[in-house]
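Participant: Chains W and H are the protein sequences, given in the same order.
Okay, so the first sequence: first residue is 4 according to my numbering, each after it adds one.
Okay, so the second sequence: first residue is 4 according to my numbering, each after it adds one.
Hints listed in this document are in silico derivations from the structure and should not be mistaken for laboratory results.
Do not rely on the hints blindly, as some may be mistaken.
Which copy is meant is left open, so a pair is good if it fits within one copy or across any two.
Here are the simulated lysine to any residue pairs, SDA-like style, with alpha carbons at most 20 Å apart [claimed, not checked]:
1) K370 with Q353
2) K359 with L100
3) K359 with E97
4) K137 with E290
5) K403 with T286
Please read these numbers as outputs of a predicted model, since none were measured by experiment.
2 protein chains.
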Amino acid sequence: MIKTKQAAYTILEDGNVSSPGGFQAGGAAIGLRKGNKLDLGWIYSEVPASAAGVYTLNSFRAAPLLVTEESIRQEGKLQGIVVNSANANACTGEEGLINAYTMRQTFADQLGIPTAYAAVASTGLIGVQLPMDKVIDGIHSIELQGQADDFAHAILTTDTCTKQVAVTVSIDGVPVTIGGAAKGSGMIHPNMATMLAFVTTDAAIPADVLEQLLKQSTDQSYNMITIDGDTSTNDMVLVLANGKAGNKELHPGHADWEKFYAAFHYVSQELAKKIARDGEGATKLVEVRVQHAATAEEAGAIGKTIVASSLVKTAIYGADPNWGRIIMAAGNSGATFNPNNISVWLGDVQVVQAGKPAAFDEQSASKQLKQQTVVITIDLQEGSEEATAWGCDLSYDYVKINASYRT
Amino acid sequence: MIKTKQAAYTILEDGNVSSPGGFQAGGAAIGLRKGNKLDLGWIYSEVPASAAGVYTLNSFRAAPLLVTEESIRQEGKLQGIVVNSANANACTGEEGLINAYTMRQTFADQLGIPTAYAAVASTGLIGVQLPMDKVIDGIHSIELQGQADDFAHAILTTDTCTKQVAVTVSIDGVPVTIGGAAKGSGMIHPNMATMLAFVTTDAAIPADVLEQLLKQSTDQSYNMITIDGDTSTNDMVLVLANGKAGNKELHPGHADWEKFYAAFHYVSQELAKKIARDGEGATKLVEVRVQHAATAEEAGAIGKTIVASSLVKTAIYGADPNWGRIIMAAGNSGATFNPNNISVWLGDVQVVQAGKPAAFDEQSASKQLKQQTVVITIDLQEGSEEATAWGCDLSYDYVKINASYRT
Chain W
4 MIKTKQAAYT
14 ILEDGNVSSP
24 GGFQAGGAAI
34 GLRKGNKLDL
44 GWIYSEVPAS
54 AAGVYTLNSF
64 RAAPLLVTEE
74 SIRQEGKLQG
84 IVVNSANANA
94 CTGEEGLINA
104 YTMRQTFADQ
114 LGIPTAYAAV
124 ASTGLIGVQL
134 PMDKVIDGIH
144 SIELQGQADD
154 FAHAILTTDT
164 CTKQVAVTVS
174 IDGVPVTIGG
184 AAKGSGMIHP
194 NMATMLAFVT
204 TDAAIPADVL
214 EQLLKQSTDQ
224 SYNMITIDGD
234 TSTNDMVLVL
244 ANGKAGNKEL
254 HPGHADWEKF
264 YAAFHYVSQE
274 LAKKIARDGE
284 GATKLVEVRV
294 QHAATAEEAG
304 AIGKTIVASS
314 LVKTAIYGAD
324 PNWGRIIMAA
334 GNSGATFNPN
344 NISVWLGDVQ
354 VVQAGKPAAF
364 DEQSASKQLK
374 QQTVVITIDL
384 QEGSEEATAW
394 GCDLSYDYVK
404 INASYRT
Chain H
4 MIKTKQAAYT
14 ILEDGNVSSP
24 GGFQAGGAAI
34 GLRKGNKLDL
44 GWIYSEVPAS
54 AAGVYTLNSF
64 RAAPLLVTEE
74 SIRQEGKLQG
84 IVVNSANANA
94 CTGEEGLINA
104 YTMRQTFADQ
114 LGIPTAYAAV
124 ASTGLIGVQL
134 PMDKVIDGIH
144 SIELQGQADD
154 FAHAILTTDT
164 CTKQVAVTVS
174 IDGVPVTIGG
184 AAKGSGMIHP
194 NMATMLAFVT
204 TDAAIPADVL
214 EQLLKQSTDQ
224 SYNMITIDGD
234 TSTNDMVLVL
244 ANGKAGNKEL
254 HPGHADWEKF
264 YAAFHYVSQE
274 LAKKIARDGE
284 GATKLVEVRV
294 QHAATAEEAG
304 AIGKTIVASS
314 LVKTAIYGAD
324 PNWGRIIMAA
334 GNSGATFNPN
344 NISVWLGDVQ
354 VVQAGKPAAF
364 DEQSASKQLK
374 QQTVVITIDL
384 QEGSEEATAW
394 GCDLSYDYVK
404 INASYRT
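I would like the entire structure built from these sequences, with the hints used as guidance.
Facilitator: Structure representation (structure tokens):
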């Protein structure tokens, strides 16, 4: 039985990063991507906003991450973000770091904001220096009054569609809006990926509270998706809160905190799921729900291992109800559980009952794997904790895209 | 410069598991695989042999592993091994366990050896009960004087070729021979995989020494290969030493121990590399050498992470010298090193020098990735430890094979 929870927030049609009050966003084509595609995006807040970020755990952290982290560390505030696609400015040494600083300075000057209030992000090919003449000319061409949809397009690489969402929620009786845009596609794995996500809100909330909120929400959204098990050098989620809504400052003791958290978390999960669904070569979103685990960590580990398994992913692509691979992946997760208690469902078709094959109709099970969203449920009968992980199938197109990314 | 070490052992042409004295092996077609392929294999030693095994670390351990481990635990001896392909007898509950015991008993009776001297192994589809009538009839049809090549064929699943090797080495002035056969293909990952390997030797060596030798050699051979990052429920390496060569009992204090170890380890590495080269859909063997690491564990972790990365594997398939992905994978390994010191070579073409792009010719680098064996070298400049990992590229055929394995 599905429990219907009354959502305290409203999803905005065509919502985006400029849905919250006081934000603008736009994009331009500056010649970094082939075919004159949009490749430079920017977000601007009319007033300095509380800011927080989470960053890749890869040992190689790209130059723009170092520069953006430095900006946020100064006052916990940002007023503008500039993003380029096609080039990650990663593994580019000192020259790359200088280029990221130059990019930040040029952008801050163009908007007339303090250097420390500007953030930079890059995504694309690793190990090539940014063509700074194009980047600088591009930033000089930025004019406010842009289209948020252009921003969403400008940050893409091998993505096939934009990823945008916004919700509104009543806090202290005033409407507070949260918007977001993200890009994903390859190198997507728990603990950040070549994944960039930008969240804006007109809520009033201090930077330290925002940081805790972002970390907590990230652990159950962006960090629960995987495309190919690789973690990029450039992953980053940034959130800006400019206080334009006029609510009282939010913190965990605030009467409407749970409502705000739920709305914020919805935005995180929606962006994460949109990234997973649009994984390189993906034809389906895969959602793995792990129930009755001893700990939430073990539930998460099992979910992520299943959704990351190439054998599970290819079986889903082929709509083959080969549940042995799901069991095998669960057994590789490092989690401790009794294999004789595990049950598995593909959609609503039970395929494993207490560690043994359940009697099921192959056709019905295969049909469950042909849905646009494939749901796999694992019940461990070990405890009361749960977790959900998201990913996608592994198709011929994944190989095609990645065998010739540069050429 | 390549250092040529005088090998103390000789590689036997067409060597196999019956090359050592006192061993026989064979195979039969008993109707488990489609197209009347060989699907039941056996090895027999004329006298009880010292025996040791290493097993999968997957939480789900298939029934035949439990039964074989029980056999070896009793006296540290084996005299016969029976293997079926097409069905893994994994996740089959109590019925599966009873079937594995029945398989062992039937085989022991057929050969006239004690039950505790018989081992069983299975590989293939998970979660389906063995058709015991076929298995029992098949075992009853076993006659000694078989062909070792038939054994090597009978243990295959999606493998495209047999994997066999044998070497001879002089110990105490008498020739000692070591032979092996293996199967691999999918679900191959460090710490065992759907990988079965069987090693025979006529050396005299006690079971406890043999077990230590096997574990040590496994860590630098079978456990250093990966095909798709998944670890099977059925992986097992068994070694039998029947003492027929007439050498003095081997142990680490024996004057010829190093020679014997080198010969034994060559067999392990050759079988492991043959498995990696024949990974599902593979077109090339990939060898990743990590040098000057702080610890051997970190060197191994970096090598395995690189060779397991889908993005690295697809780039190698496409002969795209996209070294950023190699760097990215190294950064995801969990090893600690200074990114500014790392250097990378594709074959003999240096592509990264101290953390930054080296000037290199794209054509030459791409040519390195078109070899039958692609060698990637990573130099960390952190210490003096090293490790080598093996894998394969990721092609369209991997997807093809795995999207329709059962159908």
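Participant: If a hint holds in the structure, say so; if it does not, say that too.
Facilitator: Checked hints:
1. K370 with Q353: For K370 and Q353, the Cα distance is within 20 Å only inside one copy (13 Å; across copies 50 Å).
2. K359 with L100: between (55 Å within a copy, 12 Å between copies)
3. K359 with E97: For K359 and E97, only the inter-copy Cα distance (9 Å) is at most 20 Å; the intra-copy one is 57 Å.
4. K137 with E290: Neither. Shortest intra-copy (41 Å) and inter-copy (39 Å) distances fail the 20 Å Cα cut-off.
5. K403 with T286: both (14 Å within a copy, 15 Å between copies)
Consistency with the previously given hints fails for number 4 only.
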